[in-house]
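Assemble chain V onto chain U, guided by the hints.
Sequence lines, in order, name chains U and V. Just so we're aligned: the first sequence equals residues 1 to 100 in my numbering. Just so we're aligned: the second sequence equals residues 1001 to 1173 in my numbering.
Hints were generated in silico from the structure; no laboratory data involved. As the structure is a computational prediction, the values presented were derived from the model and not from experiment. Glycine included, every Cβ here is placed at the ideal spot set by N, Cα and C. Fair warning: there could be bad hints in the mix.
[To be verified] If you anchor each label on the Cβ, the simulated ranges turn out as follows:
(1) V:Leu-1126 / U:Ala-95: 43 to 49 Å
(2) V:Gly-1131 / U:Asp-94: 43 to 49 Å
(3) U:Ile-97 / V:Leu-1008: 44 to 50 Å
(4) U:Ile-64 / V:Leu-1097: 23 to 29 Å
(5) V:Val-1054 / U:Asp-91: 35 to 41 Å
(6) V:Phe-1115 / U:Asp-91: 40 to 46 Å
(7) U:Ile-64 / V:Ile-1095: 31 to 37 Å
(8) U:Arg-85 / V:Ile-1007: 44 to 50 Å
(9) V:Leu-1140 / U:Asp-94: 41 to 47 Å
(10) U:Arg-85 / V:Ala-1099: 36 to 42 Å
(11) V:Arg-1161 / U:Phe-53: 43 to 49 Å
(12) V:Ile-1153 / U:Asp-93: 29 to 35 Å
(13) U:Ile-79 / V:Ile-1007: 35 to 41 Å
(14) V:Thr-1118 / U:Ser-89: 49 to 55 Å
[As the list claims (entries may be wrong)] Which residues of chain V face chain U? A partial, calculated answer using Cβ under 8 Å:
(15) Leu-1033
(16) Leu-1043
(17) Leu-1047
(18) Val-1059
(19) Ile-1064
(20) Leu-1090
(21) Pro-1116
(22) Gly-1122
(23) Val-1124
(24) Leu-1159
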Amino acid sequence: MPHLSWYLALSAILFTIGVVGVIIRRNVIVMFMCIELMLNAVNLTFVAFSSFFQDVTGQLFVFIVMTVAAAEASVGLGIIIAIFRNRESLDVDDASILKL
Amino acid sequence: MLTALFILFAGMAIGCSVAMVAQRNPLYSAISLIGVLLSLACLYMMLAAPFIAVVQVIVYAGAIMVLVVFVIMLLNVEADEPRRERLRFLVPAAIALAAILIGETAFILSSVPNFPTTPRPGSVGLTATVGTGLFTTYLLPFEITSVLLLMAIVGAMSLARRLRVDGNRQNRD
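Next comes chain U alone, as it looks inside the complex (with noise of 0.2 Å):
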């Protein structure tokens, strides 16, 4: 059986890498990705626990966490397209100046 500490040490390794691929990476989609994985991540440790305690809440808050991914994604990826339209470019550093 696993164990709960099990999804635990799996849902913080996958949050590393989410960081650490947001904190290497230049490419926009990628670090936005890279924010996806950091989400679920969270999502497997509120899903952990509230099966292994029997609790409603956790799953309920993985749906609305989900909610929220949808509407960034929305969102996220118009931003993109603009900052693309304008600055033919997907590198960030290449957006670090807000003026045009």
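Just chain V now, with coordinates in the frame of chain U:
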């Protein structure tokens, strides 16, 4: 049996996420992320949460990743160019931060005395239970989420509208 499945899916998730960060091509990264999401859905299934597992596949691996792949193909950017000089310190910084995070987690997991080893029996993951919770105790967060989705729709639409500058005034078409 469950232990073997856990090791299989956890290995798949970790391998795919490392591949996602290491890949140079954004499209391969997206496909690796889909692998992570699917193996997490399998782990949710093992945790007796079928509703969340199905929503994970439909919303994440379906809708969100299709959107991401669509944008990658629409923009059609080549692989990363080499890193500039002034940002070279980021890789050691990332490794140090990762070491700190993993160390913290290891410390917490080793210092908590008695983790539950087996899930309690119950019906928490079923769709009926989730729906009952969503529409009774947590009705207000549910409604606020719908407002959030409305705001996201309006924001995405106003971002997608092209701003045109002609002369000294801006008008939108």
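For each hint, the structure was consulted:
| no. | hint | result |
| --- | --- | --- |
| 1 | V:Leu-1126 / U:Ala-95: 43 to 49 Å | 45 Å, holds |
| 2 | V:Gly-1131 / U:Asp-94: 43 to 49 Å | 46 Å, holds |
| 3 | U:Ile-97 / V:Leu-1008: 44 to 50 Å | 47 Å, holds |
| 4 | U:Ile-64 / V:Leu-1097: 23 to 29 Å | 28 Å, holds |
| 5 | V:Val-1054 / U:Asp-91: 35 to 41 Å | 37 Å, holds |
| 6 | V:Phe-1115 / U:Asp-91: 40 to 46 Å | 44 Å, holds |
| 7 | U:Ile-64 / V:Ile-1095: 31 to 37 Å | 33 Å, holds |
| 8 | U:Arg-85 / V:Ile-1007: 44 to 50 Å | 45 Å, holds |
| 9 | V:Leu-1140 / U:Asp-94: 41 to 47 Å | 42 Å, holds |
| 10 | U:Arg-85 / V:Ala-1099: 36 to 42 Å | 39 Å, holds |
| 11 | V:Arg-1161 / U:Phe-53: 43 to 49 Å | 47 Å, holds |
| 12 | V:Ile-1153 / U:Asp-93: 29 to 35 Å | 31 Å, holds |
| 13 | U:Ile-79 / V:Ile-1007: 35 to 41 Å | 39 Å, holds |
| 14 | V:Thr-1118 / U:Ser-89: 49 to 55 Å | 52 Å, holds |
| 15 | Leu-1033 | 5 Å, holds |
| 16 | Leu-1043 | 7 Å, holds |
| 17 | Leu-1047 | 4 Å, holds |
| 18 | Val-1059 | 5 Å, holds |
| 19 | Ile-1064 | 5 Å, holds |
| 20 | Leu-1090 | 6 Å, holds |
| 21 | Pro-1116 | 5 Å, holds |
| 22 | Gly-1122 | 4 Å, holds |
| 23 | Val-1124 | 5 Å, holds |
| 24 | Leu-1159 | 4 Å, holds |
When held up to the earlier numbered hints, the structure conflicts with none and fits them all.
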